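Protein chains in written order, with UniProt numbering: chain E, 1 to 303; chain Y, 1 to 303; chain V, 1 to 303; chain A, 1 to 303.
Everything labelled a hint here was simulated from the structure, so no lab data went into it.
Listed next, the stretches of chain A that the computed footprint assigns to chain V, with coverage defined by at least 3 CB atoms under 8 Å from CB atoms of chain V: (1) 83 to 90; (2) 228 to 234; (3) 237 to 250; (4) 290 to 303.
Facing chain Y, a subset of chain V residues (Cβ under 10 Å, in silico): (5) VAL98; (6) GLU101; (7) GLY161; (8) ASN164; (9) ALA166; (10) MET167; (11) ALA168.
These numbers come from a predicted model, not from an experiment. C-beta atoms are modelled at their ideal positions from N, C-alpha and C, and glycine is treated no differently.
Each chain, written out:
4 protein chains.
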Amino acid sequence: MDMQSTVEEIVATVRPLLRRGDVASYIPGLANVSPDKFGMCVAMSDGEVFGAGDWHTQFSIQSISKVFSLALVMSYDYDSIWRRVSREPSGSAFNSMVQLEADQGIPRNPFINAGALVVTDRLLTLTGDAAHSIRGLLRSESGNPSVDVDRAVAASEAQHGHRNAAMAHFLASYGNLENPVELVMENYFDQCALEISTEDLAKASLFLARHGVSAGGTPFLSPNQSKRINAVMLTCGTYDAAGEFAYRVGLPGKSGVGGGIIAVVPGRCSVAVWGPSLGPNGNSVAGIAALDEFTTRTGWSIF
Amino acid sequence: MDMQSTVEEIVATVRPLLRRGDVASYIPGLANVSPDKFGMCVAMSDGEVFGAGDWHTQFSIQSISKVFSLALVMSYDYDSIWRRVSREPSGSAFNSMVQLEADQGIPRNPFINAGALVVTDRLLTLTGDAAHSIRGLLRSESGNPSVDVDRAVAASEAQHGHRNAAMAHFLASYGNLENPVELVMENYFDQCALEISTEDLAKASLFLARHGVSAGGTPFLSPNQSKRINAVMLTCGTYDAAGEFAYRVGLPGKSGVGGGIIAVVPGRCSVAVWGPSLGPNGNSVAGIAALDEFTTRTGWSIF
Amino acid sequence: MDMQSTVEEIVATVRPLLRRGDVASYIPGLANVSPDKFGMCVAMSDGEVFGAGDWHTQFSIQSISKVFSLALVMSYDYDSIWRRVSREPSGSAFNSMVQLEADQGIPRNPFINAGALVVTDRLLTLTGDAAHSIRGLLRSESGNPSVDVDRAVAASEAQHGHRNAAMAHFLASYGNLENPVELVMENYFDQCALEISTEDLAKASLFLARHGVSAGGTPFLSPNQSKRINAVMLTCGTYDAAGEFAYRVGLPGKSGVGGGIIAVVPGRCSVAVWGPSLGPNGNSVAGIAALDEFTTRTGWSIF
Amino acid sequence: MDMQSTVEEIVATVRPLLRRGDVASYIPGLANVSPDKFGMCVAMSDGEVFGAGDWHTQFSIQSISKVFSLALVMSYDYDSIWRRVSREPSGSAFNSMVQLEADQGIPRNPFINAGALVVTDRLLTLTGDAAHSIRGLLRSESGNPSVDVDRAVAASEAQHGHRNAAMAHFLASYGNLENPVELVMENYFDQCALEISTEDLAKASLFLARHGVSAGGTPFLSPNQSKRINAVMLTCGTYDAAGEFAYRVGLPGKSGVGGGIIAVVPGRCSVAVWGPSLGPNGNSVAGIAALDEFTTRTGWSIF
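Here chain E stands alone, though its shape is the one from the complex (with noise of 0.2 Å):
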């Protein structure tokens, strides 16, 4: 297989989809991105990289931000965390308060909103700045030292939040954030508006494929927790679409409302697509297309 030219047929073939669903709209800074971009990148464990279409242009990674956040919070914690927060899949839309009430206070996963803040909230205790840590593992790791928060849609965020604002309250209320609500509040939106290329992506997930070690060939997380946050990817990364997601891709992966996807395969590659119009659940129309033609060709299915 020439991964090369896999890679370029992929994006030609989902090209027809970019303009299926509809751009993320509740912040300028997401509104204005053109639905007519699509980036793909694959990272290949032993440092190679095959990209085609926009895939060194910058876009907001927004809920991606919480794979590395959770990685970072294991590195220095093991396993802590899960104390405060569960694993299991939600079974009900990203941000609903509904189970965080039935289960009091404890969040279903890290990756749906309220179990991010939660994590957010620990990785602030344990290096007292969290969007600052996220930030550096994406440079070290991409090797890219420009990666960078979007101040515009940082301060965006902040302004549209009522609704995060509402769930950290929430949280705060049942004991489940050691800091106070205003400095988790601003780190998230910080984490959501760092800005990164599918290139970068795909680089800093790449510890995720190659059982924790780092970029500089040093181990980063163990290979059981690095196993850990791929089992959580696979059954939580796509908000109520992970069955699905499982069903046609078939690898773990975690997606943001950027329009960007990254998923593993384990002992081979990361990969990052991006496309900016979302599907009713909120994952990139052509990103999930590219991903299911990614293992159709490949086989590389984990199943």
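Once you've looked at the hints, dock chains Y, V and A against the given chain E.
Leaving out everything else, chains Y, V and A in the frame of chain E:
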């Protein structure tokens, strides 16, 4: 690795856990099983079989039968079952009606009871006798022609089946049953009352590790269908502990309240374990511990 | 005030509303009723009766029968029914199973279907024939010995009764039925299929305006029991529009999908209205408008 | 009937219940109140007042303030508040977010916290200072110019107010607040921290028994508005025990976690009771018993 020793050591390791949790008690046929039983069998894709403990003892297959009914329906009818049942994790208890109501009679997945009733109903239409077809599949794949329904258990299920009857009538009220409620119930209770040993169960599940190829060497499912059933097992196979199971075990699996669990290592082997005492989510406590130990020792997690 | 003129004027006033909403269509016996029918009758506590429109025409009593089954059970058994059913408003659609599950098989109140099934079950135990007892009460209180079950409607209800059957099996699964599901269903469908006119219905409800005193002048219920049934009607009598009904009409009332509604002015009179077209919550649109008009004109709101 | 003796006897009767239940403990200002206090006052529509026990002792008005904020909004703005809040019983715990989410940011009624925040927000827009307006109404209707906010309680509420802050941000996320979250919260905490005695509270509630006529003899609300507030109190005034309250007491009423309850006998009198120990639904145990006794002795149930 010496698989026979591995299996024996695992069985020895989990023995102290056998009385953790509770044996299912809603019908006599299950309640009277000794909690001290434990069996485990690994069936390799080349046909070799390794077992230890009570691996030849028969037990009630219960919900594990749902994998075989789904496989049969897909073998006859490719993909059309997904118009009548979703494939998302349920995020709530395995016998809940709440989501069925919210989703207008479309069960969340084929492994919760409501979804399994729909699959059995479809199989009944396709073959004229759903339980008979499932028994046939188990017999031919295990090579054991004496696999059969435990009539006493089936009768008890029917007697204590108000909750399932409620579910079936509820599905019927949404027009999501093709056959009379009573007939669907009868077939469903029969399929759950099939008796089987871990040896026969591991063998009968092997087609999921062999990309759909049956014991006789002919394709029973396409590789794609086999992968997809594995994906549904991973996200939905262990009630509302699917996230936990993926995190700890890292394999597609399906459990039943009889205490059995099957797990699949795609391309390599299938595993069946059986320990009657169940944890709070209805999965065998010792069975899950054995599978956790199995992936730790073999390194065969899919992540 | 001239009550006869008042009733005639109200009937004239609501006539333009008769085609607002939709006639219940789930069974032919209800679907075939003309939406242009409207009847109203006021029965004073001294026995005088005032009517207008189609006030002698019979219609299907449906859920209004639940008031009479509850009254009968309380007459035999004082207060013990409240161990098996609560008396709180349900806050959700009238046939929902969600709350029944959350409340472990104890229905929220005796006027949602689940609660009414429990009341009918109890009445069946107490009298041996629930529907027969309710018919007897309607006959003796209305003075009309020809009140009877519409057999065609009862048969249709049974044929389309999957949702109620689901509810009954669900109650049985929690041990909250004393009689076989089939027998409870049969009685329930019969009681809902009783045919009655607004004249007979207003007369039959009069004991609730007379502190429990029957048509014959003897106590059927104690004053306290009568008050309490009125309280349950006010908070729970019109499905999830009970707050709206209290706000607009300000009287205890109970509606049915046949288009009938009864209302009680304690110490003064009972009122029955009938208009087949139903609003989104299953209550007669013209019927509610007529009762609103009635309290506005008479000033007889309880508030 | 000698009302003074009646009130004294009721207070004596409920005294053994004073330590049943628990004093609200989430803020010091409430937790430090002695459970042995009990006061009761009946204010007749002609102005006469009867009291017993600690009827002159001040306590925290808490949720009873919601009746006065609603009355003020209706006095300025007739009926438009009902576009932003419903008037149906909630059927679940008083501070639940579940229904708010299901109903797209429209609270079920003005007496659950979410609904009260919307009412306070509206009053803030109408008057510029919601808490100040409510204090003014209580002062003018009770004739006691020293009714005021307990600053320590208001500060504590703010400190422990994460749950209410969550609700306010949640409402804001649906566009159902007109003023900044912080300003609405401040007014809400202030109105809940108003201190008042049963004497002043009974007098201040009298307009609801006098068809809207104020203490000064001029109309504050129309008779229709007064009736409608009573209707909302009956169906929604005591959290998710409204059905029970209607059944046992049979009067419109509103409770607060400070242990106070008001009840209205339309056309006759208003009643205020106060006992700090609360039952499982957040209502004063002795207070409800006293009101039950009151309607039993006087026969003044509205049913």
